[in-house]
Structure formats: structure tokens, C-alpha cells
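Line by line, the protein sequences give chains A and B. Here the numbering used here is used: the first residue of the first sequence is 441, the next is one more, and so on. Here the numbering used here is used: the first residue of the second sequence is 441, the next is one more, and so on.
For the record, the hints were derived by calculation from the structure and aren't laboratory data. This list has only true hints and no planted wrong ones.
Using 20 Å as the maximum straight-line C-alpha spacing, the simulated EDC-like pairs for lysine to aspartate or glutamate come out as follows: (1) K534/A to D516/B; (2) K481/B to D896/B; (3) K568/A to E495/A; (4) K730/A to E803/A; (5) K568/B to D516/B; (6) K534/B to D516/A.
Chain A residues, not near chain B, derived (Cβ > 10 Å throughout): (7) M470; (8) E501; (9) A799; (10) E881; (11) P899.
Covered stretches of chain A, going by a simulated chain B footprint (3 or more residues, C-beta under 8 Å): (12) 586-600; (13) 866-877.
Note that CB positions come from ideal geometry on N, CA and C, so glycine has one too.
One-letter residues, chain by chain:
There are 2 protein chains.
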Amino acid sequence: MTEQTRFDLPQDRMPTSWFNIMPSIVQAGMQPLPPLHPATKEPVGPADLLPLFPESLILQEVSTDEWIDIPGAVLDAYRLWRPSPLQRAVRLEKALQTTARIYYKYEGVSPAGSHKPNTAIAQVHYNKEAGTKRIATETGAGQWGSAVSMACAFFGVDCQVFMVKASYEQKPYRRVFMETFGAEVVASPSPTTQAGKKILEDNPDSTGSLGIAISEAVETAAMSGGSIKYALGSVLNHVLLHQTVIGLEAKAQMELAGDTPDVVIGCVGGGSNYAGLAYPFMADRLSGAKPAMRFLATEPAACPTLTKGRFAYDFGDTAGMAPIVPMYTLGHTFVPAPVHAGGLRYHGDAPSLSLLVHAGHMEAAAYSQNDVFEAAIQFAKTEGIVAAPESAHAIRGAINEAIAARDANEERVILFNLSGHGAFDMQAYDDYLHGRLPEVEFDPAAEQSALSQLPDVPPIA
Amino acid sequence: MTEQTRFDLPQDRMPTSWFNIMPSIVQAGMQPLPPLHPATKEPVGPADLLPLFPESLILQEVSTDEWIDIPGAVLDAYRLWRPSPLQRAVRLEKALQTTARIYYKYEGVSPAGSHKPNTAIAQVHYNKEAGTKRIATETGAGQWGSAVSMACAFFGVDCQVFMVKASYEQKPYRRVFMETFGAEVVASPSPTTQAGKKILEDNPDSTGSLGIAISEAVETAAMSGGSIKYALGSVLNHVLLHQTVIGLEAKAQMELAGDTPDVVIGCVGGGSNYAGLAYPFMADRLSGAKPAMRFLATEPAACPTLTKGRFAYDFGDTAGMAPIVPMYTLGHTFVPAPVHAGGLRYHGDAPSLSLLVHAGHMEAAAYSQNDVFEAAIQFAKTEGIVAAPESAHAIRGAINEAIAARDANEERVILFNLSGHGAFDMQAYDDYLHGRLPEVEFDPAAEQSALSQLPDVPPIA
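Okay, chain A solo, but in the shape it has when bound:
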């Protein structure tokens, strides 16, 4: 018999509740600040969000309950791929000659290829229950749009996806993937919204950004008179909540492996895949049960929100239609360079995750594109999986930790989230393999310019 390297959770141990980190954050003495209305600058109340979301999701957004039941219809859909695998990366460990043990949770086995269906299915389910006929959303790299498209097909809801134009043009197969599920895909900025029209008037060649696409989707829902709702793939509390199935499974699987992580790693765009893995573990750090457990958020050097951004109130979108939230931000008008990790090109981060970084419970590191793809290739050659460029940031972080452990001759246990596969990202790999991947420099001047446009609200102390 050979060594066990895969730790499968039986079907009957799939989580039946999501874990809400907010009570743990409050109990640990941190004070989450409320989101503000973009027009009134007053704290947003549930009623302000009704044009965008069904009431059930708004209640989750502000919930102070630690556990929230997963509806049966959502569990049924989760069973198409959950529980997802937890693997020990023994081939990678050997290649690195490390004293560390490296584990990864793999979310790329979902039909849409990433962690995004965990919340897409939940959101579409609640919308269906509330009578929503059509959902508008945005997508950068395409993983979120793919997940919403699939979920809408399952529940019989129409779907419109505003896809960042740079991705729309670079990744036509992502568009086709969404259309296969019946979604209507529009390049953003588009002439179908006021926000899109304004951007196109100022800059007809705009290749778009996540912030712009969010503005378009939000406007589409807000102006629909109730028939269309909006769905967001990250940042908000209820989105991160749904992703905690990842970490709840991983905790049980690490127990099966007989190991406890010393460091928990993930990539951060808005923060949902990382929070999904990390928050169930973070609860143990905040409670004092595992005070030394480390948490490492990884991001692209071209969009270094956590490592170089400001902790401030800022708009969630570019046009200033979305709520103003307290987060690390590079400024809502900051347009990151077009790195291949399109899902990480967001100017801000989830408020809860920002708060944890700000309070010192979470570290952050930024990596260059070429360093990230070097790690991705080493991972593919040893573990077989060709990762999404976003997820490869987590691989880079895990490899760096394993090398540091080797150099210190430490028996470090590393756990990271491999949030998706890279089958739609082969152009990026081709560019890397042929030395065509530019080392994108972060532009502090652009950041300063963007930060000067923060909303006129009191700074966070």
C-alpha cells in the first residue's frame, strides 16, 4: 500500500451550514464599519439594497449569526462536485526538497472550473425564490460569469454578463462557455448603460475594468424597476459566507490527514476564495485556540491593494453607484495594468478581509507575473494541474513558504486554496513560455491620482 495523499470527505460530511466570521471578528475586539450609501454618505440600511438583491441575501449580508443553514436546493447542486478534494502535494514537496508539508484544496473540479459556483448557486437560488426573472452581473477573467451562467441555467433564470472588454477580446472561449449555458454576454464598457456610455465618450478605446463592469451591472439592475437583480462575485459578506464551505471541508480534511496548518494561503482579488478557505481557520486564531496560525493573502504586483493600498472608505465600483465600503483600496478609478490574472484586477478588497489585514491577523504579499507563472509551471509538472493565473499566486506563496521552511529546516504545514484551473488561460502560459510576459510595474502616480478621488467621507481612524 502506498502513502495516502488525497483526503476525501464522504458525502454525508459535506457542510450543511455556512460559517459567518463576523461574530468572531466582533468578539476579538475589532469593530466593522458600516457601508455608506453612495449618494447620502449615510450608513446603508437593508432597504437601500432591495433594488439590487433579494431580501434573503441582504439579511445574510448583515447577519450576526455564526452559522447559516445551506438550503437543500443549494446542497443538491453542490453535490455535482462537492466535497472537493484536499491533496497533499508530495511531488511538489520532493521537487522543492522541502521539510514542509504542502496541502492544497482544489476548487477547479467544479463544472465551471473554479470556486465561484459556491456562491453563484446560492445567490441564484435565493433570487429564484424571490421571483427574480433575470440577473445582471459582471466578469473579469470570466470565472464568475461562467459560474452565474451555469447557476442561472440550473434554476431557469435569465442571465446577462458584462464582461471586461479586454477579457472579452482576449478570451472569446470564455464568452462561448457562458453562452453555452444560455447567458447573454456584453463587452464592457457597453453602450447599453449610462455608466458605459460615459466611459466610452471619454475614452472610446477603453478596455474596461472590473469597476466599470460592476457599474454597468448595478445600473442595469437598479434601473429595471425590480425585474432584474444584481449578483456580485466577491467582496460582500454574503459572498464570502457562501465560500466558507471550502474552509469547513478543508478543516475536516486536514483532520483526516492528521495535520494542522501553520500557514493558510490564498490569492486575493476581492477576497472570496481566500476568505472561503481561511475564515473557518481564522476563527481559531481570533478565539485564541490557535493564536500562532498564520494567514497569507497573495496578490499581483500590478494591483497590490493589500500591500500598497490605503485602508479607507471607497466606492465599490468605478462610477460611484455602488456602496462606499471600508477597505484597502488603490482608488476606485485606478485601472490596473492588463496582467493575465484578470480576476485579481480589482481596486479594493472585501471589508472583512481588509479589517483582518489592518488588525495584523493576516499578512499579504505581492508577486510579479513571471514569478507567478514560474510557480505555476513547477506545479503543473509535479501535481498535474495547470492552474488559473489567479490561483497561481497562491502556489507562489506556498512555494515561497516551503522554501523558507527548508532553509530554516522547519517542519512547516502549508495549506493553500487552488481556486481554479487554467484551461481558458493558455494564452498567458504561451506568453510566459515564450518570454513575452512583461514585468508590469505598479504605477504609484496612478495610485496617487486615484486615491485623490476617494469619496468625501471622514477617513478611517
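With the hints as your guide, set chain B onto chain A.
Relative to chain A, chain B alone:
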């Protein structure tokens, strides 16, 4: 608690032996005919195959043992994704309003995205043990080449892939995927081999075929003086043998589900994914334990080997360098129309599978491209998985059976193999969605011309 629809096999129940159908075939009174040497036309002996394969694989090719142990290093690699899931397609059943129960075994969760690593890993392992430094192989749609590239990266063996030129040009991302694992990918026909040169002289614009690419890879190995070996992704006994992990797992999983299939379905190019699922079940039909269990092989109308081919001795490749084998064939010079299911564009079929069809133990059906993609879209919208065009032939077969069961008001249990995902096949979906997919007609004249070039050996009785 909601209904169980996914039947996971625990790690410790992963098969540790492969199942060899040949003893069952002989015991059932069928007489497999030997492969013949392409030059001498005499039965091929193990020594004839040594320039191409390591001895361990040749012994498996001619083995009369019913069970063959899976080496530990192969099991270790299988654990990256095995046991693979068995799902009941409840959403599809509901959409079809069928009285049937539909189950599918999903091989697309492998890192390479299909069933092919089941044998690629085994073949590269045995080559590594035998001291092989480099492997030459061919690929059509790219799934086999991807699997060999990955396996070679795992075991530290160099890899050269002759990729059918039509695919090389249509699917550059498949090429990049293989290159990510370090493989050298060459468009076939290529000027690097005599076989390729000859084809290019006759037809400089040749877009290639699987038969031509096989000739090039075989020649590369045969002319290397022993340093390079050849690997084939289907047709041969040892390849089908390795794939039986699929069916062995599926049998155990159907027991977990408390069901027995009435009909077992798969798509057939060379036959490996279907044999992999079917043979462990077929043994029960041949032994008389389940005499009424039905088996349905599905294929494209553009390359209808089993439904319109001749059961005859024919070359395995186009140039006539590979052994002459007894199989259903359209003639080794037959070049199928460029349908999107590139993995099914092979002029022949595995001899063992051909024999079972010829003896009436297996049915066959051919479907047009548009019928296949219609089924694939329905499957994506209900079960979430966007299937490879090859695998979608099995979906079409399963849906047809489910509709027939509904019309007959029968409680039919359907099991099919979903052999891979379609993330690299979105152009095909785009063509279908936009009505650009031609209804390819099978050309009987081309078949007659090709069949007139069968090797000069006695016809099979």
C-alpha cells in the same frame, strides 16, 4: 436531507488491479485473431514489438491473466484524481421527463481533463522502469497528447507529440497545454519523418489524420535505435486494460447507488474510454451472469467505423508501418471529414471491441454533429459540465435511451462514460450555437476507395 446523487468511492476502495477482458472473450467462445506484421504478414510475436514498446507492456498486450496488479507508482499518480465521481443525472432526467435513471462516470476531473491519463501514466511508468529516455506519440484532438505530456513530466521522460495539423492550427491552446508540461509538439504531417515527407510531397496542404500522425510517431521510435519508444492512446489491448479502472470503480459505485445498468454507453474512436467503462460489466454478460445487459458504442456519422465499416484485417496507421489488426475499418487511407470530435476520427477500432460488436455482444450507433451538440448543450444546462465533443456522443446515446424508456414507460437504468471536458473545444460550441456546424455526410465512395487498399491478407471469415 436531500437525495443522494453522487456516489463516491473511498480512497481505500480504488482498484489495485486492472481487468483483462481477453480470458472472458475466449471463454465465451470467441477466438481473437492475432495481429500481423506489416511487412511479413505473419502473426506478430512479442519480439517484433520491442522496437516500439518496453517488454512489460508487450507482456500485458498478450496476457491471458484476468487480473494484472497496478504498480504502486501508478496508484500514487491515480490518487491525484481517482476514484473519479459517479453521478446520477437527476436534473437531466427531470428535463427529459424520463422514467429512466441516468448515471454518468466522469473522467474529466483528471488534471489533463480526460480518461487518457489512466493509461498514459501506466505506459510512461513502465517505460521509465525500462530506461526509456524519450517517448514519441501522436494526438488528434489533443487529449491523449496532453495526458502523455503530463505523465512524462511526472516521471522525468522527454516527450514528443505529433499533433494532427488540423487540430494544431485550430486548437493552439491544446499545444500550449502540452508545452506547459515540457513536451515538444510538432504539426503532422511533418518534414521530420519519411512518412510525413511522403504525405507532404503528395499533398503539401494535407491537414493530417490520426493514421498519419501514428505513422510519424511509430517511425520516430522504430528508427531511433532503441532510445525512443512509442506510446499509443487507444486500440491496443494493454491500453484498454489500463482504462478498466473506470469500469471497476463504476461497478462498485453502481452498487453503492443500489442500481444495475440495463445499458452501458460510451463513445468510440479507438475504443479505450468505452472499453474502460464497459469491459468489467461485459464480463458479466459473457459469463452469463447478466446476459440481457446491453452495450451501446456511439460514433460520429462522419467516421462510422462500427456501423458502416468492414470487419477485416487492416493497418493500424496510414503509412502501413504499424501492425495489421483484425477490426472494423473504413480503410487505413480513409480520411474522415474534419468534425470537431477529433478524437473519434480514426479509421478503425480496437480489435477486442470489434470482435464484441461482430459477435453481437455490443450495439453501435452513429450520430450527426448537430445532434451531438444539441445533447451536449442540454447536458451542460442541466448537469453543469460542458463536455468534450467526443464524450457528447455518449450523452446523445444516453438521452436517446432515456427518451425511448420514457416512450415505453420503462424503468431503464442507463450508465455512460463522460470521458472528458470540453474546455479546449469552445470553438465547436460557438460554431454550433451560431448554426455554423455543417452536417457532414459520410462519403461511401471514399470508403470504397480506402477499403480497396486493405492489406493483402486473407479476409476474416
